[in-house]
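Novice: Generate coordinates for the entire structure from the input sequences, incorporating the hints supplied.
Numbered per mature numbering (1 follows the signal peptide of the UniProt record, and there is no 0), the sequence shown spans residues -26 to -1, 1 to 299.
Computed cross-link-like contacts, BS3-like style, restricted to lysine-lysine with a CA-CA straight-line distance of at most 25 Å: (1) K153 - K296; (2) K90 - K288; (3) K110 - K153; (4) K291 - K153; (5) K90 - K59.
Simulated from the structure, these hints should not be mistaken for laboratory data.
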Amino acid sequence: MRRRLIAMAPALMAAAVLLGAGSAGAQQGFPNKPLRIITPYATGSSVDAMARIVGVKLSESLGQPVLVEPRPGANTVIGSEMLVKSPPDGYTLLLVSTTHVLNGLLIHNLPYDTFKDFAPVATIASSELILVASPKVPATNVKELVALAKTKPLTYATSSAGGPTHLAAELFSSLTGVKLTHIPYKGSGPAVTDLLGGHVDIGWTSPLTVIPHINAGKLKAIAISGNTRGPALPNVPTFSEAGLPGFDMRFWYALLAPAGTPKDIVNRLSSDIAKILVTPDMADKIAAQGAEPFVSSPEQFAAIMRADSARYEKVIKGAGIKVAE
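Specialist: Given below as structure tokens:
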């Protein structure tokens, strides 16, 4: 991970410098009291862990305590609505994942607008998704798996219906023309357990949850999303390398503020976060969560959300995934 960060350092540092140039006029005295980061997931989740990692470093950078406040429930809606109702002063932030964009496509009657009610601050990290197979499945790569799926029905596990792993599977089906039966679970833990037991054929998940099982030979790693191989699994090919160039899905973590937060405060926060992400120790902490640093400006982050929304909307419509009321 350190070697990869060194290679990325010039680009990351340039981004940090550019962001810092826009934050010089941040409102005088900010911050002069503790900040809080709301996480719309339970304590112990990857989002909660990422918030605590960022919170410690951001506190050091800003010179004020940064408190992490888990507000799980209703598929992240409770925590997200809490941010929307908070004063737009930069003292309350929300750490979200790609699910924030998906909820805008999959849940009717949200008590907020996915874009209009939030001010993008900064991306924090991104992570690949990995396709793994049970040892009972007689396929070791994408080509063999597709050929097998065309001769017999296969089941696939995900951590939830309508989440990033579900959409990854649907995109895979769309690109390969294979029909797979979805078995959604309540979390990655139960899904991996059934994969290990051979109760489901293949599964989509975060690499972090299956690396020990892959290394122990208990699961087969078929391919990983993203443009480059993951540092923790250098022998696992990307989908592009495996013959599926149209497949590119990454799971991101990022910070949002309430809409109306002063631009100079947003830029100050974004600048500090960009500088934090350049440090090797931060990269190591993020790597421990199965991810890598992902620096962007508020404008770039806003564009990422819009692009992802448009892309995932096509997948959802093409797969006929039902929208929740």
